[in-house]
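In terms of the working numbering, the sequence shown opens at residue 1 and continues consecutively.
By construction, these hints were calculated from the structure, which means they are not laboratory data.
Be aware that a few hints might be false.
Claimed, not checked - Taking lysine-lysine and the DSSO-like style, the derived pairs with C-alpha atoms no more than 30 angstroms apart in a straight line are:
1. Lys223 x Lys194
2. Lys223 x Lys233
3. Lys194 x Lys73
4. Lys72 x Lys46
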Amino acid sequence: IHGSYRLLLSPFVGVLLLVGCLSELLRLAAAALKGEGLGAAAGSSKWIEDRIVSPEDIKDSFDSVKGYEEVKKEVREIIEYLKNPEKFQAIGAKLPKGILLHGPPGTGKTLLARAIAGEAGVPFLHASGSDFEEMFVGVGASRIRSLFAAARAKGRCLLFIDEVDAVAGSRRIDTNGNFRQTLNQLLAELDGFKPTEGIVLICATNLLGSIDSALLRPGRVDKTIFVPLPSLKERLEMLEYYASRVQLSPEVDLTLYASLTSGLTGAEVANLLNLAAIRAASSGKKEVNHLLGFRV
1 IHGSYRLLLS
11 PFVGVLLLVG
21 CLSELLRLAA
31 AALKGEGLGA
41 AAGSSKWIED
51 RIVSPEDIKD
61 SFDSVKGYEE
71 VKKEVREIIE
81 YLKNPEKFQA
91 IGAKLPKGIL
101 LHGPPGTGKT
111 LLARAIAGEA
121 GVPFLHASGS
131 DFEEMFVGVG
141 ASRIRSLFAA
151 ARAKGRCLLF
161 IDEVDAVAGS
171 RRIDTNGNFR
181 QTLNQLLAEL
191 DGFKPTEGIV
201 LICATNLLGS
211 IDSALLRPGR
221 VDKTIFVPLP
231 SLKERLEMLE
241 YYASRVQLSP
251 EVDLTLYASL
261 TSGLTGAEVA
271 NLLNLAAIRA
281 ASSGKKEVNH
291 LLGFRV
């Protein structure tokens, strides 16, 4: 008898479980679009607040970015525009709405974007491409809309999207309608920019070749800047800067280490000194007398 009851109830249990799962998915989707719970959309005030840095809280400037003088020269006009857009508007000049920083990982693209905002003294709004990847259709586009709305509310500001290939990678868009919807919203926001708004978008990617050509069209993100690996001179500047933060033995020849670290990124150069300081402290030493992996 008990077995018969189990046979009779089994289909109903399966249906109830299916209905329960569907109800939960609908609840989560509704919460996402309201900006609540899992997958909170960009409409959530908390999501936006976490991505806005006020000018007084930006500690980075070009003094924080060692080397990259050519890159700094290329963005100085953007800084001047953010400081005084009226000067450019008076003469009829139109600066790029968007700039794409591209280069190997760890070369300081995010630091450079923060430093530009710091130099200009404007709010820094930041997001990562992964912030727009959601299981619910429409959430990515909603977040794009809300991020740009927050930028417009701030007025003069710098809006930074890191790893933009997660949103605008051509291969992903070709195979996923949700990504296409998100990119279309980004393009619509760029097309809706007014020169008088004083907003500059900076995107960053390690994969320039993967970016959809629609984003790079003139009038959108129409200026690309390559952020290369640091040169010998720049590596020495970085070593000297980060060495000033640790107790370094006077016997350490930073010029020699600069020549030995060809091919390293700025982040890797900084990490060398930090790891060396940790190892020295762990060994009971009071000074750093060599860099890890480069004993000379």
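Cross-check of the supplied hints:
1. Lys223 x Lys194: Since the Cα atoms of Lys223 and Lys194 sit roughly 18 angstroms apart, the hinted pair holds (cutoff 30 angstroms).
2. Lys223 x Lys233: The hint holds at about 27 angstroms.
3. Lys194 x Lys73: With a Cα-Cα distance of about 25 angstroms, the restraint between Lys194 and Lys73 holds, given a limit of 30 angstroms.
4. Lys72 x Lys46: violated (33 angstroms)
Figure legend: structure checked against the earlier numbered hints; the only hint not met is number 4.
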